[in-house]
Amino acid sequence: MILIAERINGMFKDVKQAIQEKNRKVIQDLANKQTDAGASYLDVNVGTAAADQEGTMQWLVETIQSAKGGCSTPLSLDSQKPNVIAAGLKVINAENGVLLNSTPLNKKTDEEILDKYIEMANQAGPKACIIALTMDKNGVPQDTDTRVAIAADIVTKAMEKGFDAQRLFIDPIVLPLKVPNAQVQPGNILAAMDQIRFLSDPPPHITVGLSNISQGAAERSLINRVFLAMAMSHGLDSAIADVLDEDLMNVVAASDMLMNKQIYSDSFLKVYKTVNK
Amino acid sequence: MPVPEVADSFTGQINQITLGAAKAEGGSRTKTVTVGGAKNVVYGGSFDDAGEKPVIAMDVLDSKPHDWPGALAEQYKNVFDSPGDWAKKCVQEFGAELICLKFDGIHPDRQNRDAAHAVKVTEQVLRAVGVPLVLWGCGNDEKDNAVMPKVSGAAKGEKCLLGTIKQDNYKSLTAIALADGHFLIAEAPLDINIAKQINILASDMGFPLGRIVMFQATGALGYGVEYAYSIQERQRLAALTGDKMMAMPVICDVGYESWRAKEAKLADAPGWGPAENRGPMWEAATAVCLLQAGVDIIRMRHPKAVETVRKFISEIWS
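If you read the protein sequences in the order shown, they are chains A and B.
Mapping the first sequence onto the working numbering, position 165 (from 1) lands on 165, and the numbers just tick up by one.
Mapping the second sequence onto the working numbering, position 277 (from 1) lands on 277, and the numbers just tick up by one.
Simulated from the structure, these hints should not be mistaken for lab results.
Here the structure is a predicted model, which means the values were calculated and not measured.
Ideal Cβ positions, reconstructed from N, Cα and C, are used throughout, including at glycine.
Treat the hints loosely; a few may be bogus.
[What the hints assert, rightly or not] To give a feel for the contact side, a few chain A residues facing chain B, derived at Cβ under 8 Å:
1. Asn96
2. Glu219
3. Leu222
4. Tyr264
5. Ser265
6. Ser267
7. Val271
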């Protein structure tokens with residue numbers, strides 16, 4: 001399971017404050033803690049903390065990379081704006097990989113946005129990957145078929161550009177459960193995953209912003225981890241998630257075991273974090 | 001129509017280890033042996049992915065064996081009482097890359113020899129040959145815990161392969177191997193889950209994963225080789241797909257297991273062909289089978305079988 005750790009995000013109060021005060025320690029502690037917890041990538045999102053998004057992205061990347069012991073966990077540069085991603089890429093060490101997070105198929109204001117992300121990923125090196133949302137200029141689809149159709153367009157476009165499907169993470173977009181009429185969405189997303197994993201061979205990765213599902217709901221952690229287990233059985237092999245939630249990590253470890261992706265051992269929970277990297 | 005590229009590629013790699021310490025490294029070995037490093041299954045991928053050639057460790061017993069079949073005993077009867085000469089014979093005459101010194105004689109149900117004896121034999125063999133040693137206890141936990149730490153100490157700094165640790169008896173040997181700079185054999189009873197667990201247990205004690213070699217109780221041809229094969233293969237695939245707790249090189253005990261088979265040891269069986277060929281064939285067939293599942297060190301006994309297997313190895317790893 002490829003886990004993208006979600007905590008370095010300007011939407012969280014502590015991170016927002018750290019960005020405003022240029023407090024490197026808060027960011028570096030989060031980087032190290034999430035790495036120790038088993039993160040495959042560290043998501044980096046400037047949120048709404050600063051007006052200068054490009055500069056803030058660069059400050060975050062440099063701060064994380066200079067963490068004690070030299071944090072070498074690859075980063076996931078999280079922005080819908082190509083210029084913010086590009087700014088991050090300028091200062092990043094992408095040797096271990098980097099994830100460009102994320103782009104829709106296209107936008108009303110920018111038909112070619114996916115091409116731009118592919119171009120940036122290619123320039124960042126052979127290990128650079130992209131998260132592409134099943135979303136286009138008409139917005140976020142509510143049904144299964146449109147999600148799959150957009151995913152197919154994304155895969156096709158990547159192939160045309162010679163961009164390996166294994167460098168592509170398709171995100172079928174998880175919506176909050178606690179919104180009127182949204183309870184059909186989890187089922188639609190799972191059905192979409194069933195089809196997305198057959199779009200190419202080898203298939204693209206499938207990822208979700210997991211915590212979205214429980215936005216505003218009670219028992220958030222429980223909802224997150226049950227949905228995670230369900231989605232993993234439908235082909236989900238990555239998630240942007242709270243890796244510091246130990247119960248959640250235990251569900252990942254147990255699900256991997258149940259799907260025969262890890263060989264069972266009595267210490268499987270303990271060892272998962274090291275084996276996963 | 002072009003032929004599609006179907007070769008599998010893997011993200012993981014078998015750990016590469018070098019047994020034996022030369023003088024410069026604080027030991028007295030004149031040769032070292034490197035195994036592991038495979039990035040693909042046997043015969044899979046390009047030659048660069050094949051890793052190091054598997055090696056043969058020939059068995060030398062600390063005490064004269066009383067139950068070896070005639071066809072096997074014949075080869076060593078002049079050196080049975082001198083493990084040093086026995087080891088020298090295996091290296092000089094039969095080209096053994098490693099010597100596996102097996103302490104059967106310390107077992108309470110056999111000669112019940114003491115630690116002083118085991119240490120003396122270890123020193124003799126270290127003096128007699130320059131190849132790296134495998135130091136293998138008798139299988140009785142209590143006796144091994146009492147004797148093997150002394151054996152380990154006698155070979156301190158030689159980077160031997162010491163064993164075996166098991167799920168319910170690993171602490172003494174792990175601690176001493178760590179202190180004396182040896183490698184460890186982690187034993188599992190044909191059980192892949194326990195194999196992983198024992199690696200984790202040793203690692204929890206601070207023993208580096210890169211100094212562990214895995215051992216699954218081997219089954220000979222006709223006596224469970226298919227179980228051993230499928231487990232070795234699954235271990236190898238897990239390692240190649242990135243499971244670091246399974247990325248250790250593997251040792252198997254072909255000599256002992258093959259010569260337990262009645263087809264190998266029965267002297268009086270006219271319908272089965274001459275006994276002097278049957279045993280070596282049984283041993284070689286078992287070894288060749290397991291080699292294809294992905295093993296790195298094979299313990300063997302009969303020189304004819306060793307010759308056959310070495311030829312096979314040089315043909316597929318070249």
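Here is how each hint holds up against the structure:
no.	hint	verdict
1	Asn96	13 Å, violated
2	Glu219	33 Å, violated
3	Leu222	29 Å, violated
4	Tyr264	5 Å, holds
5	Ser265	4 Å, holds
6	Ser267	5 Å, holds
7	Val271	5 Å, holds
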